[in-house]
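Student: Residue numbers (the working numbering), protein chains in the order written: chain A, 306 to 553; chain B, 306 to 553.
Honestly, the hints are just simulated from the structure, not real lab data. A hint or two may mislead.
Treat identical chains as interchangeable: a pair holds within one or across any two.
DMTMM-like mimics (lysine to aspartate or glutamate), calculated; alpha carbons at most 25 Å apart, straight line [stated by the list, open to error]:
1. 500 x 519
2. 500 x 514
3. 319 x 349
4. 539 x 497
5. 428 x 497
6. 428 x 514
2 protein chains.
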Amino acid sequence: MSLEEGKIGSTLFKAESFHVDFSGHLTMSVLGNELLNCADSHAEQRGFGMTKLHDNRYTWVLSRLVIEMKRMPRQYEEFYIHTWVENVYRLFTDRDFEVVTTDGEVLGYARSIWAMINIETRKPEDLLALHGGQIADYVCDKECPIERPGRIKVRGEAPVREYLTQYSDIDINGHVNSVKYMEHMLDLFPLEMFKQKRIGRFEIAYHAESYYGDTLSFYREAVGDDEYDIEVRKNGGEVVCRSKVKFI
Amino acid sequence: MSLEEGKIGSTLFKAESFHVDFSGHLTMSVLGNELLNCADSHAEQRGFGMTKLHDNRYTWVLSRLVIEMKRMPRQYEEFYIHTWVENVYRLFTDRDFEVVTTDGEVLGYARSIWAMINIETRKPEDLLALHGGQIADYVCDKECPIERPGRIKVRGEAPVREYLTQYSDIDINGHVNSVKYMEHMLDLFPLEMFKQKRIGRFEIAYHAESYYGDTLSFYREAVGDDEYDIEVRKNGGEVVCRSKVKFI
């Protein structure tokens with residue numbers, strides 16, 4: 306194992322029957338949560354995970370997530386999620402992912418950007434100062450050949466949907482789970498869309514947290530053939546997140 | 306390994322960070338889907354799974370599910386799901402589950418009842434005739450010390466919620482996923498309920514399938530302290546499923 310390979314976390318999964326959609330392919334929301342679980346495990350094993358950080362009153366906050374898939378794992382197919390740290394800056398870190406079958410076929414990649422905040426002040430922490438800057442030792446030069454997240458602007462005049470957040474939306478951080486937004490966004494599209502196309506790229510930028518009992522308004526704008534920008538606002542005002550969905 | 310132990314399927318899980326709720330415990334819906342995945346894998350490995358059956362134009366249909374938990378796995382806790390066949394009748398089979406930590410602490414049990422239907426005729430098949438009655442060889446006498454599912458009657462006059470089914474509700478069988486009903490039912494309760502109590506027993510009986518675009522109406526009746534019966538009807542008529550939820 307090379308030095309760089311030692312920096313990569315790998316977890317084997319199987320696309321189980323009750324984790325696939327009507328088409329027999331793994332759902333985006335199951336994949337999304339597993340990417341975040343892999344990120345968390347990888348950080349945890351290196352002393353930068355939630356448990357260690359909670360004791361120290363810090364937590365990771367996901368700022369951006371992009372998933373680009375050549376194809377989704379099929380029912381019963383085994384695949385690895387590999388994850389590694391691409392960059393560490395003062396306030397953000399870039400973490401990448403590769404999804405690959407046990408035969409070595411690359412199914413797709415993902416990129417994520419994280420900040421670390423102090424749970425009490427909700428202010429971002431200096432990552433380079435944490436544990437004496439140890440996090441920088443995990444930076445790995447493995448390639449992640451998909452475009453970085455871009456800027457998303459949504460000109461939606463009326464919401465296409467309003468949704469009152471529920472118990473099942475709330476995660477261990479006490480806010481709406483990052484992947485639940487993805488699930489609600491994909492539910493804006495008719496089943497027919499998923500019969501004819503599949504999601505090639507899904508990009509989301511998180512701007513503010515939302516909580517139990519918040520009303521989320523979903524605005525959607527078609528910005529090209531099979532490409533949509535989506536904005537979620539809470540309680541009629543603040544932008545919670547923005548997304549770009551490309552069907553192929 | 307004894308003869309009976311050889312009939313038990315076992316899968317190791319970890320309650321990952323993005324599979325736990327605000328309280329840091331595995332969610333019922335993650336557990337529910339994993340129970341069904343374990344059932345499917347166990348059947349698949351023995352030649353009675355979805356893939357094999359789809360080729361033969363049969364599929365398993367879940368009729369009942371009861372989950373009774375002493376406690377839910379905590380964030381990062383490892384646990385096994387053990388599953389085995391308790392009984393095989395002509396039209397139904399009883400499959401049980403045990404959830405146990407790697408230290409051997411039993412966290413809970415589940416019971417399920419399944420039928421097998423012909424995909425084209427939607428009629429139930431004779432399980433004892435399948436593969437020359439081989440399924441009966443898997444019957445195991447391991448104990449499942451929780452009450453069998455009972456009869457649920459709901460006297461609800463007005464629905465407490467209406468829900469239009471979406472893409473994310475639909476599973477590989479083309480109908481609303483069994484566990485999604487559970488998720489929608491638990492979402493009928495306020496977050497405050499889950500702060501003060503937890504679910505001790507969840508029981509669900511499936512009566513009819515529902516599909517993409519169906520409107521589900523949820524009726525709820527309090528039948529005791531912290532005990533609720535719930536009925537789901539589709540499109541203003543037919544009963545889809547009924548459930549009994551006990552908080553403790």
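Student: At most 25 Å between CA atoms: does that hold for residue 428 and residue 497 within a copy, between copies, both, or neither?
Tutor: Neither. Shortest intra-copy (43 Å) and inter-copy (28 Å) distances fail the 25 Å Cα cut-off.
Student: Checking residue 500 and residue 514: alpha-carbon separation at most 25 Å within a copy, between copies, both or neither?
Tutor: between (32 Å within a copy, 20 Å between copies)
Student: Have a look at residue 539 and residue 497 and pick one of within, between, both or neither, based on CA distance no larger than 25 Å.
Tutor: Between copies, since 21 Å is at most 25 Å while 28 Å is not.
Student: One pair to classify: residue 319 and residue 349, alpha carbons no more than 25 Å apart. Within, between, both, or neither?
Tutor: both (23 Å within a copy, 14 Å between copies)
Student: Given a CA cutoff of 25 Å, do residue 428 and residue 514 count as a within-copy pair, a between-copy pair, both, or neither?
Tutor: within (13 Å within a copy, 48 Å between copies)
Student: Tell me, please, which holds for residue 500 and residue 519 at an alpha-carbon limit of 25 Å: within, between, both or neither?
Tutor: between (32 Å within a copy, 18 Å between copies)
Checked against the numbered hints given earlier, the structure breaks only hint 5 and satisfies all the rest.
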